[in-house]
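Peer 1: Single-letter residue listing:
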Amino acid sequence: MRLRRRLADLAMTGLCALAVGVALVPLASLLWLVVSRGLPGLTPAFLLGRPAPVGDPGGGVGNGIVGTFLMVGLASLLAVPIGVGAGIFLAEEGDGPLGRAIRFVAEVLACVPSIVLGIVAYAVVVIPMGHFSAIAGAVAMALLMVPPLARATEEFVRLVPGTLREASLALGVPAWRTSLRVVVRTALGGITTAMLLAVARAAGETAPLLFTSLNNQYWNLRPDLPTASLTVQIFNFAISPYESWHAQAWSGALALLLLVGVLNLLARFAARDRLGGGSR
Amino acid sequence: MAASLARLPTAAPSPRRSRRAGDRLWSVGLVAAGGAILLVAGLVILVLGRAAAPAFHALGVGRFLAGQDWDPVSGAFGALPFIYGTLVTSAVAILVALPVAVGLSLFLAEMGPPRLRPPVAFAIETLASIPSVIYGLWGLFVLVPWVRTTVEPLLGRLLGWLPLFTGPRIGLGYLSAGLILAVMILPTIAAVTQEVLRSIPPALKEGALALGATRWEMIRIAVLPTARAGILGATLLGLGRALGETMAVTMVIGNAPEIHASLFAAGYSLPAVIANEFAEATSPLHLSALAALALVLLGVTLVLNSAARVLVLLTSRRLGEAS
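Going down the list, the protein sequences come from chains R and X. The letter at position 245 of the first sequence is residue 245 when you use this note's numbering, and the numbering goes up by one with no holes. The letter at position 91 of the second sequence is residue 91 when you use this note's numbering, and the numbering goes up by one with no holes.
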């Protein structure tokens, strides 16, 4: 009897350990393949070039990388003031009914599939403009960045000790300057983390871009024109029937993975080195 | 902290009125930013509702939702193949991901050496941060061939008497889409489950151990029943992610607007059809029908996520009272 219970304990422990292994296999496989298949093609010409027709040697994702940066930048301009502002509001004055409502809506909004937000951007930007554009892609990205940004900012601002704020107020500093220059500045590391995570998520997004920024074979810096993005290029390369484009898809994936990875690492780093980062 | 104190702004001898104005301006700005979130939510619902209305009008809500044919050229718009594909792939994903996520969480929280926690947690977080188009690429060139040559023959041999595992083995289809979704929602379920496990009062576990329970018995008696609602909430959150996942599914599900009992068959999902057809839809009715599909998707995810949140909240509140 005792042995049976022992064995059951052992078996379940083994199964749970197995679950850890099972969870890690896809990650290992994915990382290994992206690196091993993507690395040979990841040349400067690939990163700086633009797509070549099938059969032509060379071709790259340079215009897609530029497009991704352009749209992420525009999206940040839209999303950061709203997201961070809303986060500060939730942390500082968010205990009333309005705050509770906003917090709930932000959480629900964070779960809305990105493709649905893409349709909203399409209706709000593409239809009035009459054509696809980088700004439409940026609006879709911004819609997706705001909710997590607000929630994360709130959490980091809430970590700032109340004594710090009281000290500032006691010195006669007006409330708004206390908020801005004491509370927000103290939480700045955390807010930076929140922004970097939102940017990383937006940079890796594909679905809403398919019908907002569409794609572009050429270099483009104008926000009112259709724009290539790294993710859409990877998608198009991957579903094409050509072997050489598949190779480019893996190289593009490696470039994207590096970009997102660096942003995530920076995010960790930003949170660590200031007050408010200790919570992780 | 000393540094930030040293940088304290010196209190300028500002007259009272400008101080009040500053406070008010700051406060108005913050409220505006917060209100913008409410505005965005309203906009999402309004815009989708208006875009979807023509399709519902022209086709009828019931006929649209229950229609089995999707042929934009001839004007047939039935949502059922996509709803079915979304539900089936999500179900496969949950069936595969839930046991793994719970096992992993139990091992990390209760069984394994604490040393193991940070690296595994880091790996799971990495899994969560990989863009979905990269999952799709990996799915298309690694998972699909593996499913075609290994998983499907194996399932066909062992369980071929079930209609679920019959038909031609092409790799692209519900099964591959479900498996890739399983990988993608694993981090979500695991993260929330671990949070729930951590909130269980130690006294409960110590009680079981003091009665002579082995570690597994302690988990079975004290941990799992207490965490059940929370784990259900975690599952619903994962489900919410699975339903809305677009790129990876689009790349491996086969994109055939059909309904098949077999998991081996090619199907379609709500987000996938929107991704594939929206940019190229020309007739207003086609666009509107796609928007209506998005509205269905939005409705389902909103209900699911609200339910999940309530469940997780109830669990932690109940545990908070118990401890």
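Please keep in mind that the hints were generated in silico from the structure rather than gathered at the bench. Every residue gets a Cβ at the ideal spot worked out from N, C-alpha and C, and that includes glycine. It is possible that part of the hints are untrue.
[Unchecked claim] If you anchor each label on the Cβ, the simulated ranges turn out as follows:
1) R:L159 <-> X:A128: 18 to 26 Å
2) X:L46 <-> R:G14: 47 to 55 Å
3) R:Y218 <-> X:A256: 31 to 39 Å
4) R:P44 <-> X:A256: 54 to 62 Å
5) R:G96 <-> X:I170: 39 to 47 Å
6) R:V25 <-> X:L159: 39 to 47 Å
7) R:G14 <-> X:S306: 50 to 58 Å
8) X:A66 <-> R:G14: 42 to 50 Å
9) X:D69 <-> R:L225: 36 to 44 Å
10) R:P40 <-> X:A53: 46 to 54 Å
[What the hints assert, rightly or not] Under 8 Å between C-beta atoms, here's a sample of chain R residues computed to sit facing chain X:
11) A8
12) V35
13) L39
14) N236
15) S240
16) Y242
17) A247
18) L258
19) V262
[As the list claims (entries may be wrong)] Just a sample of chain R residues kept apart from chain X, beta carbon distances all over 12 Å, derived:
20) P44
21) A45
22) L48
23) P53
24) G83
25) G130
26) F132
27) L143
28) G172
29) R177
30) R222
31) F235
Peer 1: Hint by hint, note whether the structure agrees.
Peer 2: Quick rundown of the hints versus the structure:
1. R:L159 <-> X:A128: 18 to 26 Å: Taking Cβ atoms as reference, L159 (chain R) and A128 (chain X) lie about 22 Å apart, which means the hint holds.
2. X:L46 <-> R:G14: 47 to 55 Å: holds, 54 Å
3. R:Y218 <-> X:A256: 31 to 39 Å: This hint holds: roughly 34 Å between Cβ atoms.
4. R:P44 <-> X:A256: 54 to 62 Å: Because 41 Å falls outside the window, the suggested range is violated.
5. R:G96 <-> X:I170: 39 to 47 Å: Because 57 Å falls outside the window, the suggested range is violated.
6. R:V25 <-> X:L159: 39 to 47 Å: Hint violated: Cβ distance 23 Å, outside 39 to 47 Å.
7. R:G14 <-> X:S306: 50 to 58 Å: 38 Å Cβ-Cβ, so the 50 to 58 Å window is violated.
8. X:A66 <-> R:G14: 42 to 50 Å: holds, 47 Å
9. X:D69 <-> R:L225: 36 to 44 Å: holds, 38 Å
10. R:P40 <-> X:A53: 46 to 54 Å: holds, 51 Å
11. A8: Holds, because the Cβ-Cβ distance from A8 (chain R) to chain X comes to roughly 6 Å (cut-off 8 Å).
12. V35: violated, 12 Å
13. L39: This hint is violated: L39 (chain R) lies away from chain X, its Cβ roughly 15 Å from the closest one there, beyond 8 Å.
14. N236: violated, 10 Å
15. S240: violated, 11 Å
16. Y242: Status violated, d = 13 Å.
17. A247: violated, 11 Å
18. L258: Where the cut-off is 8 Å and the nearest Cβ of chain X is about 11 Å from L258 (chain R), the hint is violated.
19. V262: violated, 11 Å
20. P44: Label holds. Min Cβ-Cβ 22 Å, cutoff 12 Å.
21. A45: holds, 21 Å
22. L48: holds, 21 Å
23. P53: Given that every Cβ of chain X is farther than 12 Å from that of P53 (chain R), nearest at about 21 Å, it holds.
24. G83: violated, 8 Å
25. G130: Nearest chain X Cβ is 14 Å from G130 (chain R), so the label holds.
26. F132: Violated, since 8 Å does not exceed 12 Å.
27. L143: At about 6 Å from chain X, L143 (chain R) fails to clear the 12 Å cut-off, so the statement is violated.
28. G172: Its Cβ does come within 12 Å of chain X, the nearest being 4 Å, so this is violated.
29. R177: Nearest chain X Cβ is 6 Å from R177 (chain R), so the label is violated.
30. R222: Per Cβ check, R222 (chain R) is outside 12 Å of chain X; nearest 20 Å; holds.
31. F235: violated, 5 Å
Consistency with the previously given hints fails for numbers 4, 5, 6, 7, 12, 13, 14, 15, 16, 17, 18, 19, 24, 26, 27, 28, 29 and 31, ordered from lowest to highest.
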